[in-house]
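Trainee: If you want the building blocks of each chain, they are given just below.
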Amino acid sequence: MKKDYKILALKILAPFVAIILAAFISSLIILAIDKDPLQVFYTMFKFSFKRIDSIAMILFNATPLIFSALAVSIGFKMGLFNIGIEGQYLIGTFMAALVGFSIKGLPAVIHLPLVILAGIVGGMIWSFIPIFLKVKRGVHEVISTIMLNYVAYSLIHFLIADVFRDRQQSLVEGLGSVLVRTPKLAASAVIPKMHGFLAFFGVQLPKHVYLNWFFPISVVLAAGIYYLIMRTPFGYELRAVGHNPEASCIAGINQGRIYFKGFLLSGAVAGLVGLSDLLGYFRYMDMDFPRGYGFDGIAVALIAQNNPFGIIASAILFGFLKRGSEGIQALLKVPMDTIVILQSLMIIFIVVITKIINDYVKRLEKREVA
Amino acid sequence: MKIRKLLALSLVVLLVVGLMTGCGQKAQEPEESTPESQQQEPEEKRIKVGLVYDIGGRGDLSFNDSAYAGLKQAEQDFGLEVTDLEPSGGGEDREQLLRLLAEDGYDLIFGVGFMFTDHIAKVAEEFPDVKFGLIDGAVEDIDSSSNISCLLFKEHEGSFLVGAAAALRSESGKVGFIGGMKSPLIERFEYGYLAGAKYANPNIETFSDYVGTTGDAFKDPVKAKELALKQIKAGADVLYHASGASGIGMIEAATANEKLSIGVDSDQSLTATDEQKPFILTSMMKRVDNSVYETIKNFVEDKFEGGYRVFGLNDDGVGYAENEFNKDLISDIQPKLEELKDKVIKGEIEVPADKNEYEEFLKTLK
Amino acid sequence: MGKAVELKNITKRFPGIVANDRINLEIQKGEIHAIVGENGAGKSTLMKVLAGLYQPDEGEIFIFGKKEKISSPNKAIELKIGMVHQHFMLVDRFTVLENIILGAEKKKGFTIDEKTCRETLKKLLELYNFKLDLDARLEDISVGHAQRVEIMKVLYRGADILVLDEPTAVLAPQEVDELFINLRRLKEEGKTIIFISHKLDEVLSIADNITVLRRGKAVGTVPADSVTKEELARMMVGKPVLMKLNKTPAEKGEVKLSLRDVMMKGHGGRNVLNGVTLKVCGGEIYGIVGVEGNGQKELAEAIIGLQQDYDGDIKVCGKPTKGLSIKQIRDMGVAFIPEDRHRQGLVLPMKVWENSILGLHRKEEFKKKTSIDIKKAEEFTSRNVKGFSIIISSIHQAIEGLSGGNQQKVILSRELSQEPIVILAAQPTRGLDIGAMEFVHQQLLEKRREGKAVVLISADLEEVLSISDRVGVIFDGEIVAEFTPEETTLEDIGVYMLGAHKKAGESA
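Order-wise, the sequence lines are chains D, H and C.
Heads up, the first sequence is in my numbering, so the first residue is 14 and it goes up one at a time.
Heads up, the second sequence is in my numbering, so the first residue is 1316 and it goes up one at a time.
Heads up, the third sequence is in my numbering, so the first residue is -11 and it goes up one at a time.
Chain D on its own, in the form it takes in the complex:
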């Protein structure tokens, strides 16, 4: 019984210990560029948590990562490595944008769900290819998803730059340049911000904060996926296949069907990754649409050990690292390159240290039942 508390305490403390140790090692880098580590971290925290807009921004930053990590974790649960979230969300985002700008005159209650659905379908289409190849032809999903990421990059470029480029943008005196982007989305496709809702509770968000309803949606989805994985027969089969495909097969579980369903679900969630940015911020998709959420999602899921609620927490941690670094760059003039090193170091150390602590906890648990 005593050990139970120890395990619980270790589990909760793990990320904090990790952050402190990571900060300690990052300090060496900060010292190397002749800045004061304590001041840097102080500024980072103060900037991030003492301003209401920063807190909202952190949640906004975390939103796409929550979706992305959830998609990754579904793959991990069934023993597959969906490294193709990147391509899936870009295709999903484009599909959503397409439905968003090409349909006009619909009321928002119809248009917005339709746009979100388009994103989901886009992600599913792009996840269908690798899982089809895996189940039917035995192609390893890591290879096919990586390759499809590149295909998606180029396809999106082609679609935005050549096929659906907004040619209505005007040049002033024929000079300067315009964005290479899709037409702007109809107002009915835009996701509402959370300002009104929060104002109801007395929280006044500044106008420039883009926190929107995708954040609560992502939290609800995390809970939903927890329920799906841990409670439903489908989730049960998913986990069984993930841990032991052979025994599952002998128990009458159709492995191929689970792979199909699970991977499509992963792709569907991946399709939502870019929508917070698309429908809540840019309102168009350009050549420069944020990349890399798919890969960050892998790190987020790993830190969280694929636990949906852990994913929310670790995505918020990533959101904080991003917001905090904006603060130290603007206020302390820490160069961008250093910040990238800092962020990467923090993430590496957090991953490593949580892993060590978790392994230790697992050993304790195992000893308990042996």
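To be clear, the hints were calculated from the coordinates, so they are not data collected in a lab.
Watch out, some of these pointers could steer you wrong.
To be verified - Listed next, the in silico DMTMM-like pairs over lysine to aspartate or glutamate satisfying Cα-Cα at most 25 angstroms (straight line):
no.	chain 1	residue 1	chain 2	residue 2
1	H	1363	D	47
2	D	63	H	1407
3	C	285	C	239
4	D	48	D	350
5	C	205	C	361
6	H	1534	D	259
7	C	374	C	361
8	C	63	D	372
9	C	310	C	249
10	H	1538	D	259
11	D	63	H	1418
12	D	220	H	1419
13	H	1387	H	1399
14	D	220	H	1407
15	C	240	C	474
16	D	220	H	1433
17	C	253	C	127
18	C	253	D	259
19	D	346	H	1444
Claimed, not checked - Examples of chain D residues lying across from chain C (beta carbon under 10 angstroms, computed):
no.	residue
20	257
21	259
22	266
Being a predicted model, the structure only gives us computed values, none of them experimental.
Glycine included, each C-beta is placed from N, C-alpha and C at the ideal position.
Chain D is fixed; fit chains H and C onto it per the hints.
Mentor: Structure of chains H and C alone, referenced to chain D:
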């Protein structure tokens, strides 16, 4: 075993605590003067100018560095407090960086590149007392009372001159153009150049190719080199590019075949290798540095004006490069180029900026 | 002679369970000392204490008369204690030589001094009269040889005390004999051997002294030559075990499972099943015996539908199963107790209750709207745990923490809970202790009485002969002979198992 673990753990804790307190002592003093206290400094306020590059901007030997040069010059001349920032990997925080500079009390903030168009429009609305400079982009519907100044360039006019230089220098009667990503901006370079060549020699044959349709087209020297070799094979002996870092491939191809090349944006003779220098005819200069400097100067002298500021041949916003390396190549045609420049400034020649205008222009030649 | 190992009051507790309760044990230098006990009696825990994998909560350990603290496996090796694990820890792609020296290579500069290693090893092999091809790849050698590699590994590291954890569980009878020859040779050379097993015959034939553990306590140590099998069994389970099962005469019903000319090709095009024909009726147990690797595994997989790539017919209750999914075949009433419970029967990291509904998880009774009715699943599991006397600390613990016997009981309780018509049991008692083995046999006999058709695939001849109504001998993918237990003897069957001659078996 347990004892060893305990020892290791306590050692780590000691180290962390030690470092924290060690740093703490150092940090005590400077902390008193952290940024936020600067706002309260009563003494005479220095003008603060900020600049946000585009992704990977700093060190491009061209556009972004040129903007930085202008900023540095202004810092020296006017005793400013300046800062320059770069957005993170995805570039999603362009808007945040602009806003943070505005919040931090910067008086004039530049966004380098048309990607900043929408973001500057938003932030400028939130901070009406702060002035903004936008390079290469145009915020719609603003006038001189606005706090945004859009700095635009007539790249086609500069390209017209180097086009003429290419035609005058060509022995084969064939010249080529290589663009980066196909877009209205790069098309201005193209048609200005073609028009200049045709104007100088109506019988000249021209080739133009684009590296691609995506942003990657500006960093694909291999593809640019291939295109250049193709044009050289077809007979072109002077090549001009508007393709950012891809252009290096074109210069390499031209040098290897002892053909002439023309650089773009900044004076590329200065950054070329010794081997390439004798083969660089000239460069089409886009003086981003001048535009940044001028905007700051106006601000310091309280003459900042919103709206659109267009830089052309008339105010040396664009032009062609002459330096110690291309003196021999260019000196004999320079009188002709100066004459053309005059005509453009006086409006005697209307340089085309897109395909339609170019076709019209060709008709006037006949 | 002197004592090689002396344990005093060793106690090891895990939450909810005292795995070792004040165990005292003396092992003389140069003897073969067997430790027997049911699964969960604490044998493995005790050996892990000795190997430095666990730290005892109380008690003292003396090695060669000196008090020692075995803080890690490395320390155990320092003290010349070598552990030969039940599950081999070898690298398939490496050669025998590489496997043996792995981790203890002699180096010459930056490279491994293979020559010196080879010479040392050759000397060792000669000394102990071990036959091993040092250059064979591990994946190409038999299980018996792989075990020799494991033993050589600890000898190479200089072990004087060898701990063998259930060494015979994975071996064929001939291989067991060879192992025993090797062990006796080691003993002659002065090595001390601790032999963990629950196969009483083996223990009696090899050991000098036998210590019996029961529920974490040492019941007693007896010399092997002054004790009978029945006495040992009584010490182990605390109550007399019926070695001869009470078997009522079979009441044969209709044919429930029939195979006709089932052919299957294996890797490399060789026929692994070579025209198997057999019929099993309700109310009978059909035993299939044979030396391992003669098609038993493939036969079971074909019946359950895991392997569909065969010629011939397999019918359950008269309906052909070819082309049906495993789920459909199971739904026809086929229960399957797989040979390799870790790989095929259980999902080790998942909880006991989750494992106990594996395959049943879509049944109406566990359904609550969209989710699994966890409460009902837990109740179901608890009933099984009680009914099958499964020893666990909680149904929420991961099943990998259970002993082999208890794991097998979970599978058994799961597979038999659904009123199956045909029960396909592959090596159901492998690695189980007497108590658990007897339990499994009783369950199978119970199902027989209920009129189910039971197919028992086993390598244990005695087991097959004692509970089957008919016995088929499988050799080279073919049923080469069919007997009733009454008309044959162990020796007879042994001859057929080795393929000496064929008896044209009439299918009933």
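Trainee: Could you run down the list of hints and mark each one as holding or not?
Mentor: Now for the hints, and whether the structure bears them out:
no.: 1; hint: 1363(H) <-> 47(D); in the structure: holds, 23 angstroms
no.: 2; hint: 63(D) <-> 1407(H); in the structure: holds, 22 angstroms
no.: 3; hint: 285(C) <-> 239(C); in the structure: violated, 29 angstroms
no.: 4; hint: 48(D) <-> 350(D); in the structure: holds, 14 angstroms
no.: 5; hint: 205(C) <-> 361(C); in the structure: violated, 40 angstroms
no.: 6; hint: 1534(H) <-> 259(D); in the structure: violated, 49 angstroms
no.: 7; hint: 374(C) <-> 361(C); in the structure: holds, 20 angstroms
no.: 8; hint: 63(C) <-> 372(D); in the structure: holds, 23 angstroms
no.: 9; hint: 310(C) <-> 249(C); in the structure: holds, 13 angstroms
no.: 10; hint: 1538(H) <-> 259(D); in the structure: violated, 50 angstroms
no.: 11; hint: 63(D) <-> 1418(H); in the structure: holds, 15 angstroms
no.: 12; hint: 220(D) <-> 1419(H); in the structure: holds, 18 angstroms
no.: 13; hint: 1387(H) <-> 1399(H); in the structure: holds, 10 angstroms
no.: 14; hint: 220(D) <-> 1407(H); in the structure: holds, 17 angstroms
no.: 15; hint: 240(C) <-> 474(C); in the structure: holds, 17 angstroms
no.: 16; hint: 220(D) <-> 1433(H); in the structure: holds, 16 angstroms
no.: 17; hint: 253(C) <-> 127(C); in the structure: holds, 21 angstroms
no.: 18; hint: 253(C) <-> 259(D); in the structure: holds, 20 angstroms
no.: 19; hint: 346(D) <-> 1444(H); in the structure: holds, 23 angstroms
no.: 20; hint: 257; in the structure: holds, 4 angstroms
no.: 21; hint: 259; in the structure: holds, 5 angstroms
no.: 22; hint: 266; in the structure: holds, 7 angstroms
When the structure is compared with the earlier hints, violations turn up for hints 3, 5, 6, 10 and for no others.
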